[in-house]
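Protein chains: 6
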Amino acid sequence: MIYITRREHFNAAHRVFREDYTDEENLRVFGKCSNPNWHGHNYVLYVTVAGSVDAANGFVMDLKLLGEIINLHIIEKLDHKNINLEVDFMQGKLASAENIAIGIWNQLEPLIAQNNAKLHCVKLCETENNYVEYFGEHKNN
Amino acid sequence: MIYITRREHFNAAHRVFREDYTDEENLRVFGKCSNPNWHGHNYVLYVTVAGSVDAANGFVMDLKLLGEIINLHIIEKLDHKNINLEVDFMQGKLASAENIAIGIWNQLEPLIAQNNAKLHCVKLCETENNYVEYFGEHKNN
Amino acid sequence: MIYITRREHFNAAHRVFREDYTDEENLRVFGKCSNPNWHGHNYVLYVTVAGSVDAANGFVMDLKLLGEIINLHIIEKLDHKNINLEVDFMQGKLASAENIAIGIWNQLEPLIAQNNAKLHCVKLCETENNYVEYFGEHKNN
Amino acid sequence: MIYITRREHFNAAHRVFREDYTDEENLRVFGKCSNPNWHGHNYVLYVTVAGSVDAANGFVMDLKLLGEIINLHIIEKLDHKNINLEVDFMQGKLASAENIAIGIWNQLEPLIAQNNAKLHCVKLCETENNYVEYFGEHKNN
Amino acid sequence: MIYITRREHFNAAHRVFREDYTDEENLRVFGKCSNPNWHGHNYVLYVTVAGSVDAANGFVMDLKLLGEIINLHIIEKLDHKNINLEVDFMQGKLASAENIAIGIWNQLEPLIAQNNAKLHCVKLCETENNYVEYFGEHKNN
Amino acid sequence: MIYITRREHFNAAHRVFREDYTDEENLRVFGKCSNPNWHGHNYVLYVTVAGSVDAANGFVMDLKLLGEIINLHIIEKLDHKNINLEVDFMQGKLASAENIAIGIWNQLEPLIAQNNAKLHCVKLCETENNYVEYFGEHKNN
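For the protein sequence lines, the chains are A, B, C, D, E and F, in the order given.
So in the numbering used here the end of the first sequence lands on 141, straight run, no missing numbers.
So in the numbering used here the end of the second sequence lands on 141, straight run, no missing numbers.
So in the numbering used here the end of the third sequence lands on 141, straight run, no missing numbers.
So in the numbering used here the end of the fourth sequence lands on 141, straight run, no missing numbers.
So in the numbering used here the end of the fifth sequence lands on 141, straight run, no missing numbers.
So in the numbering used here the end of the sixth sequence lands on 141, straight run, no missing numbers.
Treat the hints loosely; a few may be bogus.
To be verified - Stretch-level coverage of chain B by chain E, calculated; a stretch enters the list once three of its residues show a Cβ under 8 angstroms from a Cβ in chain E:
{"hint": "1", "stretch": "19-32"}
{"hint": "2", "stretch": "91-102"}
To be verified - Far from chain C, by Cβ distances over 10 angstroms, these chain D residues were calculated:
{"hint": "3", "residue": "Arg7"}
{"hint": "4", "residue": "Arg18"}
{"hint": "5", "residue": "Arg28"}
{"hint": "6", "residue": "Lys64"}
{"hint": "7", "residue": "Asp79"}
{"hint": "8", "residue": "Val87"}
{"hint": "9", "residue": "Gln91"}
{"hint": "10", "residue": "Asn130"}
{"hint": "11", "residue": "Gly136"}
Hints in this document: simulated from the structure, not taken from any laboratory.
Remember, it's a predicted structure, so these values are computed and weren't measured experimentally.
Backbone N, C-alpha and C define an ideal beta-carbon position, used for all residues, glycine too.
Isolated chain A (complex conformation):
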């Protein structure tokens, strides 16, 4: 087993809030992140894939292909978008970094499995100081 990681970026707006709360309640629970007029981030995404090295090409998985899968199914949907309003796999969910990372995992996991590799980790950095890592449902690291 060896692990390869691809880094990608997207810039998006979001708001962390509950529709059943007033703006005041949202402000108390979610702080500045609940601003009704949105705010945004330069998200940095690390996708780690595990597998064995293919003797024919020296790769776990062609990183160009991995990059294309991430761009087509994740970056295209998130970059320069409003995560609450425009991203299909986030509809009906709180737009916390935790939920975005799980949403990205659920998109990528079957696509990477089709390429004889295994998604190992989705790491999503919201700022330089805060990030989230998800290893899937059956993994406690």
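Here the structure of chain A is known, so what remains is to put chains B, C, D, E and F in place on it, guided by the hints.
Chains B, C, D, E and F alone, transformed into the frame defined by chain A:
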């Protein structure tokens, strides 16, 4: 003359667009940055101040004071905000990085002059790959 | 299980040495780090907490609260301090990065447990080139 | 158990290709990385070692010694070299990041074991966007 | 006047040497950089353009267009290439960072002038520790 | 004219204070930086040298030589040292970043002039958020 620089951050939503354009025209001119549902960035701000070293304390200007001025007059207004809708000094302006940097300069310049120092440069990084520097009206570097 | 990480900083002086050694013995064993007049670092601290996502707010643990706990119990005690002379939880210990990381773990672990989350990792970077990770006594990763 | 990591750098040329392929076949399979005239990288290497803290000096392993081992056995062989033509432990192997990381592991693992510590991870960054991690044959993390 | 900067990357092989020197003389003058089997770098390129803000769009110059010019005329020619053997504008020149930066300036300067902006600086980083800045022939900063 | 920059590091302890002040007065004027038990930083130093490209080797100045000069005359004196107590060129001066940068300039300027190049800038970063730049007495940039 010696130059000191303080780095600060803010996360905000914006949209680059003209009200007198249709969404299609905005998309053609401003690309993905014109998304009507907003997008956002982790902006990084560098404020450079020039002066001579005060023999009494070894400082050009107390960096704690400089940090307080930037936080009170810039970060408080921009952080977790929508630049187009909520920032007083950006009203009626296109929310390009260029105009945000000039707006920040105009806020900070008189405040720093009151402390016997001179604002030298406002550098605003929108992403790791794009940034803007402004040295004021009378300066061509 | 999902993992969230908060980054914090502190600047401190330290010296790695044994009181029962002469300065020459300390120099031989600990190198430049044993300088009797101290030296210092910009330490970077990453605290990783594990838990499940709370459906009510989308969080593993409120990062604002996590930041406050780290600041109150770790950063306040270490920042702009002399680790050997002034930090209560380092008294009587060699001020190596390993021991500082373990000391931070011991401070934070019960406080995070009180908030229904689990401390997963303390990562302490002494320089860009050297860092230490501690996952607790019962964990071999 | 606690983990310490040392970062080192090397700049090298490489080419990812198979001798039994034509240049056209190599281009199709390996893309721009198969350029017959070579290309190169600033590789960043992180070596993580696991062990318990030695009460006598507060260290898992003296980082100065770890740095010397890495420099003598890895950096000296790779820095400002052509990985395909000049590196003994890469002879006859495809010069992918995966295979370079495994090659480095195989060099370092016995040397670190001689010092009563255990090699835990070799992380090799080829660019800011791509990296590989290897934890040894018997480890699936 | 305001300054905008675009960051781009390329990975390339090079060798710093003189054809009229023996390998020994090259080694003495150019050190490890003269390795006859090449070595390489992840070069980071910053292109800074100066101009006034266009009131119609808030830009000094459309960064998307600037990115396209840099990619078409610089990155395409240098990325995954051998700078000594394959880059037209470096033929007959020593492949030092200084000469590569000047070569990039000479390529870009007329192209940016055609877009009503002025090339201000080419900054080329060979490693994290070494970089070169060129402001053109008539500029002493 | 072209500009080359070399980055170096040192870790040191310091205290910003006046001997003619009480600890209370020092605390009021210099804040946490006046801690009598010292604190420290990972200082990052950028030395920029200006010159023309030597046609014989493609260099403004041999970066290896520049690195040796900086290491011998600056890093050796500052690394793992107490700036107030142990650094000859800082004796009798307030150990602010401004004064350290000026001190480094005064050490390096004649040494670089002996090598037919011109010291252009000393940039000293005390933390990720604070840095100082000095261009010499006769230069206002």
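Hint by hint, here is what the structure shows:
1. 19-32: holds (count 3)
2. 91-102: Holds: 9 residues of the stretch 91-102 of chain B have a Cβ under 8 angstroms from chain E.
3. Arg7: violated, 4 angstroms
4. Arg18: Correct as stated: the minimum Cβ-Cβ distance to chain C is 36 angstroms, above 10 angstroms.
5. Arg28: holds, 39 angstroms
6. Lys64: violated, 6 angstroms
7. Asp79: holds, 15 angstroms
8. Val87: holds, 23 angstroms
9. Gln91: holds, 30 angstroms
10. Asn130: holds, 20 angstroms
11. Gly136: Correct as stated: the minimum Cβ-Cβ distance to chain C is 13 angstroms, above 10 angstroms.
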